[in-house]
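Enquirer: Read off the chains here:
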Amino acid sequence: MAFEIIETCVNCYACEPLCPNQAIYQASPHFLIDPEKCTECIGDYMDAQCSSICPIEGAILDELGRELNPPGSLTGISPAMLAQYQAAVEATYQAALAAKSP
Amino acid sequence: MDLPVLNASPAASAAQSGGGCDSHSCGSSDDQLGHLPEHIRAKVHNHPCYSEQAHHYFARMHVAVAPACNIQCHYCNRKYDCSNESRPGVVSEVLTPAQAVKKVMAVAANIPQMTVLGIAGPGDPLANPERTFETFRELSEKAPDIKLCVSTNGLTLPESVEELCKHNIDHVTITINCVDPDVGAKIYPWVFWKNKRVTGREGAAILIEQQQKGLEMLTARGILVKVNSVMIPGINDEHLVEVSKVVKAKGAFLHNVMPLIAEPEHGTFYGLMGQPGPTHEELQKLQDACAGDMNMMRHCRQCRADAVGMLGEDRGQEFTLDKIEAMEIDYPAAMVKRAEVHAQIERELEIKDLARAAKAELVAIQGGKQSAPKTRPVLMAVATKGGGVINEHFGHAGEFLIYEASEFGVRFIGHRKTIPYCEGGDTCGDGESALDVTIRELAGCEVVLCSKVGYEPWGPLEAAGIQPNGEHAMEAIEDAVLAVYAEMGAAGKLDARPVAQQKAA
Ligand code: SF4
Ligand code: SF4
Ligand code: SF4
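If you read the protein sequences in the order shown, they are chains A and B. Residues in the first sequence are numbered consecutively from 699, following our numbering. Residues in the second sequence are numbered consecutively from 10, following our numbering.
There's no promise every hint is true.
Claimed, not checked - In silico contact screen, one side only, chain A against chain B (beta carbon under 10 Å); selected entries:
1) N709
2) N719
3) Y723
4) M744
5) I754
6) D760
7) M779
8) L780
Stated by the list, open to error - Straight-line C-alpha distance at most 35 Å; calculated DSBU-like pairs for lysine-lysine:
9) K205/B with K195/B
10) K461/B with K426/B
11) K798/A with K88/B
12) K259/B with K175/B
13) K294/B with K383/B
14) K259/B with K203/B
15) K426/B with K798/A
16) K383/B with K502/B
17) K203/B with K222/B
18) K205/B with K735/A
19) K88/B with K175/B
20) K254/B with K203/B
21) K426/B with K735/A
22) K426/B with K394/B
23) K203/B with K735/A
Stated by the list, open to error - Far from chain B, by Cβ distances over 12 Å, these chain A residues were calculated:
24) M699
25) I704
26) Q792
Since the hints were made in silico from the structure, they are not lab data. No residue lacks a Cβ here, since even glycine has one placed at the ideal position from N, Cα and C.
Model the full structure from these sequences, guided by the hints.
Expert: Structure (structure tokens):
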């Protein structure tokens, strides 16, 4: 029973001091959770602390590998909105490419 | 609070600037500091972030020691720096407190004009209390001639007030975007409060309550509080007039309205939603509306969390970690030199104040103001490296200072950042798109004053209705602006709208 921090972590330090079990430690390239120490905060807090302050959607996974903060849940930026923007960028890029090659 | 004030006689010079400052000649300091009680004015006099006059002479720096944050703002992408205080989309190298202290001392020893150290991010300093306070603790001890300041979103401010008071913090900046939770719910998706993530209106209400409580506690303890607000058109623009009233009533000494900067490529909620930022004109209008209620600060340049230097410059690259490691710093010796440089600048400022006072008196005697015909106000852009004079080439300027000349005198309006038209060389060959950016940024200005301007940009500037002018090189900014305004008046250009009116951006 333990959470996991994955590579999308931006190393903001926010979670580290909150862990009741000192399970979180700074590592390279990103922070990590010691699975031996993590209790998912059960017995200490109603909500797991690390995933309650982490600002990055998807950076912390539960024991089954599910995102504790799924896309859109923290920023309000829905996956559709992001996809739309990315499609627009891609289109501009393709248009620029097409304009260049005769 | 006993402050390590650098000037020989702050009260005396503040009094002089107050006495000599009328709306004729130094609208800027009059505008911002003139109405403050004497003890506050003495504190902010010659503070590069607060005194428009001093920020031409003194430098400030920030150290990025505080990466964590405890709230989310819709104009922030947490992969970058806190956009309350810095430009969005930049990442500062996070330092340990020990590294930060070393960097500050290295900079202070090498740039004697450096007087203020701020911690503003890259997250929220008070969400990183150990790191922030450790930095302050060591600096108060090792570099007592540096003023300390901190910026915060305010969420944990009340519990930090006690600790802040211990460290000779002479002012705190709180970013307050609203006093109404319904407005707040549109700006803050969540806050982390009492071991829980609280979303929506409820979260915003907690943040607002904490900000207001923190503001009251600080002013009760005699600590200066500046309030920053981000102007978000359609969300809090009208509401900010109310915010201005509330924070003034609670004792904030300055209110600084900053424009929202939101681009899709920043990856922020507002950026991706296409939420527009205010135009220069909208921003100025709101700043003027709020100024009726309190002192406005117009020269904040939203520096990055690790900025070093004077006037929009950033000399951070000279003080990277490896370079600092190699530096030998004799701080006691540096402190002596710093004191000399500060005294020199003080004298210079004092002479300028006296000159202003004399000129103002002369104008008053001649009754120039009453007999002046009604003329329209004109915005002018100025390229300067500092020192209060026009001493920067058009093509080298990374930012322009905007002044408004009117029949009542000159007043400072703000900064506009741009990309330098050319990066060196006097001919300024190709820099097409950079020039377009500058022309767009200078929208609304009719004159651009610089020490020199190349042949190339001349035509496009004129075509955009912005008259380039290199005739006042090395002259004091306010004098030059007034002189050009007088010339425009003599040429009959001040009665109607300019012919080549530019399109609003
Ligand atoms: S879930 Fe709780 S115990 Fe586990 S790492 Fe996060 S804060 Fe620590
Ligand atoms: S709070 Fe999230 S992003 Fe920040 S260090 Fe922890 S896991 Fe990484
Ligand atoms: S307070 Fe600063 S770092 Fe935190 S979310 Fe807001 S802008 Fe970003």
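Enquirer: Hint by hint, say whether it matches the structure.
Expert: Verification of the hints:
Among the interface hints, the one on N709/A holds; its C-beta lies about 7 Å from the nearest C-beta in chain B, closer than the 10 Å criterion. Given hint, N719/A at the interface with chain B, is violated; its Cβ is 14 Å from that chain's nearest Cβ, farther than 10 Å. Violation of the interface hint for Y723/A is found here, the shortest Cβ-Cβ separation to chain B being roughly 15 Å, above the 10 Å cut-off. Restraint check, M744/A versus chain B: the minimum CB separation of about 7 Å is within 10 Å; hint holds.
At about 6 Å, the closest approach between the beta carbon of I754/A and any beta carbon in chain B falls short of 10 Å, and the interface hint on this residue holds. At its closest, the beta carbon of D760/A sits 16 Å from a beta carbon of chain B; the interface hint therefore is violated under the 10 Å criterion. Annotation: M779/A was flagged as interfacial toward chain B, and the flag holds, the nearest CB pair being 5 Å apart, inside 10 Å. For L780/A, the interface hint holds, the least distance from its beta-carbon to any beta-carbon of chain B being 7 Å, beneath 10 Å.
Annotation: proposed proximity of K205/B to K195/B holds, straight-line Cα distance about 20 Å (limit 35 Å). Note on K461/B and K426/B: the hinted pairing holds, with a Cα-Cα distance of about 19 Å set against a maximum of 35 Å. As the CA atoms of K798/A and K88/B are separated by approximately 33 Å, the hinted pair is consistent with the 35 Å bound. This hinted pair checks out: K259/B and K175/B have alpha carbons roughly 22 Å apart, not beyond 35 Å.
For the suggested pair K294/B and K383/B, the alpha carbons sit about 21 Å apart, so the restraint of at most 35 Å is met. At most 35 Å may separate the alpha-carbon atoms for a hinted pair to count; K259/B and K203/B meet this at roughly 26 Å. Between K426/B and K798/A the alpha-carbon distance is near 31 Å, which keeps this suggested pair within the 35 Å criterion. Of the supplied pair hints, the one linking K383/B and K502/B holds, its CA atoms being roughly 12 Å apart against a limit of 35 Å.
Proximity of K203/B to K222/B is assessed by CA-CA distance (about 17 Å); at most 35 Å being required, the pair is judged to hold. Our distance criterion of 35 Å between C-alpha atoms is met by K205/B and K735/A, whose separation comes to about 21 Å. Straight-line distance between C-alpha atoms of K88/B and K175/B comes to about 32 Å, which keeps the hinted pair within the 35 Å bound. The suggested pairing of K254/B with K203/B holds, with an alpha-carbon distance near 30 Å, which does not exceed 35 Å.
Our distance criterion of 35 Å between C-alpha atoms is broken by K426/B and K735/A, whose separation comes to about 50 Å. Pair hint K426/B plus K394/B holds up; C-alpha atoms about 13 Å apart against a cutoff of 35 Å. For the suggested pair K203/B and K735/A, the alpha carbons sit about 23 Å apart, so the restraint of at most 35 Å is met. Listed as outside the interface, M699/A is consistent with that label: its C-beta sits roughly 20 Å from the nearest C-beta of chain B, beyond the 12 Å cut-off.
Its beta-carbon lying about 15 Å from the closest one in chain B, I704/A satisfies the requirement of being farther than 12 Å from that chain. Listed as a non-interface residue, Q792/A keeps its Cβ farther than 12 Å from every Cβ of chain B; the least gap is roughly 17 Å.
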